[in-house]
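*Asks:* Single-letter residue listing:
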Amino acid sequence: MNTARFFGWSLAILLLLGSRAQADKPTATALAAQIDAYLTARWKQAGLQPAERCDDATFVRRIYLGLVGRIPTIGEARDFLADTTTDKRERLIDRLVASNAHARHMATFWRRTWLPQTDTQTFASLTDDFEQWAAERLQAQAPYDQLVRELLTVRSDGKRQASAEASGGATPYSFLVASERKPENLAANTARAFLGINLDCAQCHDHPFARWSREQFWQTAAFFALPDDHGSGAALQIKIAETERLVSAAVLTTPAIHWPEQLQADTGRAVLAKWIVSPENPYFAKNGVNRLWSHYFGRGLVEPLDDLSSDAADNHRALLDALAQAFLDSGYDLQLLSRAFTQSRAYQLASVGSNQAASDEQQLFAYFATLGLSGEQLHDSLQVVGGFPADRHDLQPEVMEERRRFVTQFYVQRPADAQRSILQSLTLMNGRDVQELTDAAATPLLVATAQAPFLDARTQVETLFFAAFSRKPTAEEAAAFVAYVDRHATTPDAKAAALADVFWVLLNSTEFNTNH
Amino acid sequence: MAIGLGGGAGALSGWFNALADDVGKPSQQSVILLWLAGGASTIDLWDLKPGHANGGPFREINTPVAGMRISEHLPQLAAWGADMAIVRSLTSKEGDHGRATRFVKTGYLPQGAIHFPAIGSLVAHEIGNRELDLPNYVSVARSNNSLGLGGGFLGPQYSPLSIAERAQNATPSATDLKVSNLSRPEKVSATAQSDRLALLHDLEVRFAAGRTSPVVASLQDAHRRATRMMKAEAAAAFDLDSEPDALRDRYGRNLFGQGCLLARRLVERGVSFVEVSLDGWDTHDNNFERVKGLSTTLDAAFATLLTDLRQRGLLESTLILCLSEFGRTPKINGGVGRDHWPSSWSAALAGGKIRGGQVIGRTSADGLAVKDRPVTVPDLIATTCCALGIDPKKQNMSNVARPIRVADPAAEPIKELL
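As they're listed, the protein sequences go chains A and B.
Position 210, counted from 1, in the first sequence is what numbering that gives the first Met the number 0 calls 209; the numbers after and before it change by one each time, with no gaps.
Position 157, counted from 1, in the second sequence is what numbering that gives the first Met the number 0 calls 156; the numbers after and before it change by one each time, with no gaps.
I should point out that these hints are in silico values taken from the structure, not numbers from a laboratory.
Ideal Cβ placement from N, Cα and C applies to all residues, glycine included.
Check each hint, because a few of them may be wrong.
[What the hints assert, rightly or not] So, partial list: chain B residues that the calculated Cβ filter (under 10 Å) puts toward chain A: (1) R165; (2) Q167; (3) L176; (4) N180.
[As the list claims (entries may be wrong)] Computed Cβ-Cβ distance ranges for the label pairs, DEER-style: (5) B:A197 with A:K471: 19 to 27 Å; (6) A:A45 with B:G312: 38 to 46 Å; (7) B:P402 with A:K24: 45 to 53 Å.
Could you build the full structure based on these sequences and the hints that come with them?
*Replies:* In C-alpha cells, the structure reads:
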C-alpha cells in the first residue's frame, strides 16, 4: 500500500468516526459524576446541607415511577431490596431504561411536551397515534435529532416516508393536525417544543421588552407556508395576519440556511428542520436536555422551560451547556441522558431532611422534590397495587377507554406543582375505580392477603403497605393499623372488610399519590 | 418557576393547620361573575353604534335610565337599568385569549414566576367564610382559557371547586351541574368511613412532617375540603331538582341558566365567589346570528338572577359582574364576524354596593376609541374590592417572597359606582 493511499484511507476512517466517534461518546457514569461535581460545588458555595441519600425502598418506588411510569410490584420491590450487590441501583436503571415500558412512558412524556394541545378535548384523539409512533421510535433508540426531524418533515399527505429509517407503521402526522396545519400555529409550536422559545406573544404584536419580534414570528411561520404555483423563488413567503405585509422565511439565529432551486410543498419544513437540529443551533440540544431534566427532577435547569432565551441569572446554565454538549457528542442519545440523570446523587437524595429554606434547596436540587403523579402514573400504579398485571392492554379497546377517562380526570399540568382538585379527591375517596379496587372479594391483592392461611394481621398489614409504598409500616403505623384489623376481625368477612379499609386508606394517602 | 406557595409556612403545612389559617373575618358579601368566555362583542350588547357602518343590524332599546340604551336582544335586562351600571370605556392591550383571561381574572399581566391568584381566590381569602363546609370559590362551566387559575400564591385552599369544566367534557350540559362522588359508597358504613378517615389522618401527619411541598399541601387540602363537602347540608346546595320548575324555566334550561340558579343557591349558603361561564363568544364569523342567540341566553339568566336575588333579599349583598377577556373589533370583517379588540369595550355591574342606573365612559361614534373616562382592568378589580369592603392596597406575601397588593397599585376605583 503506498503512502498516499494509506493517508486517504485514514482520513476516511477518521471522518467516519467523526464527532460521533464511539471513543468520544460520554458514559452515563461520567455524566452523572459531572452533575454531582457541579451541584456539590453549588451546595458548598451556598452553605447548604443536602438531604441524605434515599433508602432502597424509596429509590425503587421512585425509579419505577420515573422510568416506567408505575410503582413496582411487590415482587419487583422485594427482589431489589433483597439484592446485596453495591451496583444494584445502576443495574436496575439500565434494565428499566432498556425496557418497552420505558419507551411507552417516555412516548407519553414527549407527546405532552411537544404537543401539549393533545391534552385538551379538541385534539385528544391524536394521542394514541402519536404515542404509538414515538414509542416505536424510542424503542428503536432513534436519536433525538432524528425524531425531531421526522416529526417536522412528516409528509403532509400522512403517508409513511419511503426511507428505511421510518418506523413500523405509525407516523407523527398528528404534529401537523394538532396545529390545524396553520403556519402560525406550527411556528409557535415548533419554537416552543424544540427550541424552548416562546414566540406566541409575538404573533400579534411586538412587546416592548420581548426578545422576539412580530416580524421574526411570521418569518418562522413562512417555513410552513406553501410555495407559489411555480415552486420558484428564493424563499417562502407569508402575509402577516391583519396586515398586507409579506415576509420571507428566515431563521431566528445562525447558522444560515440554503434553499434548493425548486420548492416542493414540504420544502419549507425540510429546510427549517435542518436548521433546528443543526449542531450549531444554540437552543436545540439545550432544550431537549432541559425538558428531560425537568421530567426527572420536577423543574428544569433553566426556568421557565419555554423561555430558554431569557437572561435570568439564577439558573444552572453552566451545567445545561455541558450536558447539551455531551448530548450532542453522544449522537443525541436519550437513554444515555436518562441513565445519567437517574444515576446522579441529586436524583437519589431523600425528599425530606435538608436543613435550609425550601426555595434555596429546590433551586439547587438539594433534596428530591415531591412530585404529583400524572394521570397515567396514577392509573397504572393503581393497577399494579391491586395485583393486576403490570403490562398494558392496548389491544383491548374498552380497557384503554377506561384508562383514557381516568387519565383525563387526573390530568396534571406540571408534576412539581400538581394541584389536586376537590373533585379528584372525591373521585379517589368514593368513585368507582377505588371502590372496585377495595372490593375484598375481587381485587387479587386483597383476596390473596385475606385468604392466605396462617397470615396474622401484622403480616397482612405489612403486605398492603409494601404493595402501596414499597416499604413496611413503621412501628407506630403497624400498631395503629394492626389494632384496627384485630378489633374488627370477628369473622373472616369482617376481617377482610377491615383489610379493605386499610387498603382504602393507603390508596388515598399523599404517600401513594406522589413520587417522593 | 415558582415552587413555593405563599402565605408563608401556614399555607404549606397541610390540612391540620388550615383551620387555624389566618383568613379574613366572615362576611355576608358575595360576588357572582358572569364570564362571557371567548371575548364578547360588547359593541353588540352594551354600547351599540346604530347608524354607523360598524354598528351592524342590531337595534337599541331604552332602559329606565336616560342615555343607557342597550341591545334589543336584552329586553329583560333593559328593565333592570336603574339597578345596573355599564362601563363603556374599558381599555387594555391584551388581545390573546389566554393572556387576556389571566389579566382580567387576576388584575395583573402574567409576569415571571409570580403565581397571581384569581380574583375569586382573593375574595375567598379576604372575606370568605371559613366556617363554611362549601368552598368559598366555585367555578361553573370553566372554559380552557381559565384552566389553572386559582389560589396562586395564596395557596390551594383558595382554588375554586370547578364543576362542569370543559377540560373534562367538551360539551357540558345542565345535567353536569352536580358534584360526582359526593357521598360514600353504599357498602361503606358511616362508622367505617370515619375509621378510614381517622387512620388516614395519622398517616398524613407523618408524611407531611419535614416536607415543604406545594404538591403535598394541595393533596391534603383537597382531601380535607372534599371531606367537609360530603356533609349532607353542604351537598344539598347542588340539588337543583328541589327548585320549582317554573323558576328553572325562567333561568333557561341550559348550562348557563341553570349555572346561574346554582350560583344563587351557593351565595344563599354563604359562598363568597361564584363564577358562571357562558362560552361561544369568539365570533370571528357570523357574529350577529351567534351574538343574538347568546344574548337571549344571557338575558334570561342574568335578569332572572337579579329578580331571584332581590326576592330573597340577597341583591344588596351580592355583586354581579358581567365580564369578558376583551371586546371585538368595531369593524365587521369579511365573514360578517368581529375579531379580538381590547382597545375599547364594555362591562356590566349590578347589585351589591354598586350604585346602579349609571353609564361610565364613552366610546367614539365608530366604537374604535375610548373618548371619555378610560377604565383599566385593574381599576375594575379595585372597584370590586372597594364594593366588598376589601382594601385594594392590602398586601399579601407572594411566592417570590415579595408582597403583592390585592389590586395593581396604579388602579383607581371607579368612585362614581361606590
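*Asks:* Look at each hint and say if it fits the structure.
*Replies:* Against the structure, the hints:
A distance limit of 10 Å between C-beta atoms decides the matter here; for R165 (chain B) the minimum to chain A is near 7 Å, and the interface restraint holds. Using the Cβ-Cβ criterion of 10 Å, the hint placing Q167 (chain B) at the interface with chain A is satisfied: the shortest such distance is roughly 6 Å. The beta carbon of L176 (chain B) comes no nearer than 13 Å to any beta carbon in chain A, farther than 10 Å, and the hint placing it at the interface is violated. Because the closest C-beta pair between N180 (chain B) and chain A is about 4 Å apart, less than 10 Å, the hint holds.
The supplied range of 19 to 27 Å is met by A197 (chain B) and K471 (chain A), whose beta-carbon atoms lie about 21 Å from each other. Distance hint check for A45 (chain A) and G312 (chain B): the Cβ-Cβ separation is about 59 Å, which falls outside the suggested range of 38 to 46 Å. As the Cβ distance of P402 (chain B) to K24 (chain A) is approximately 51 Å, the hint placing it in 45 to 53 Å holds.
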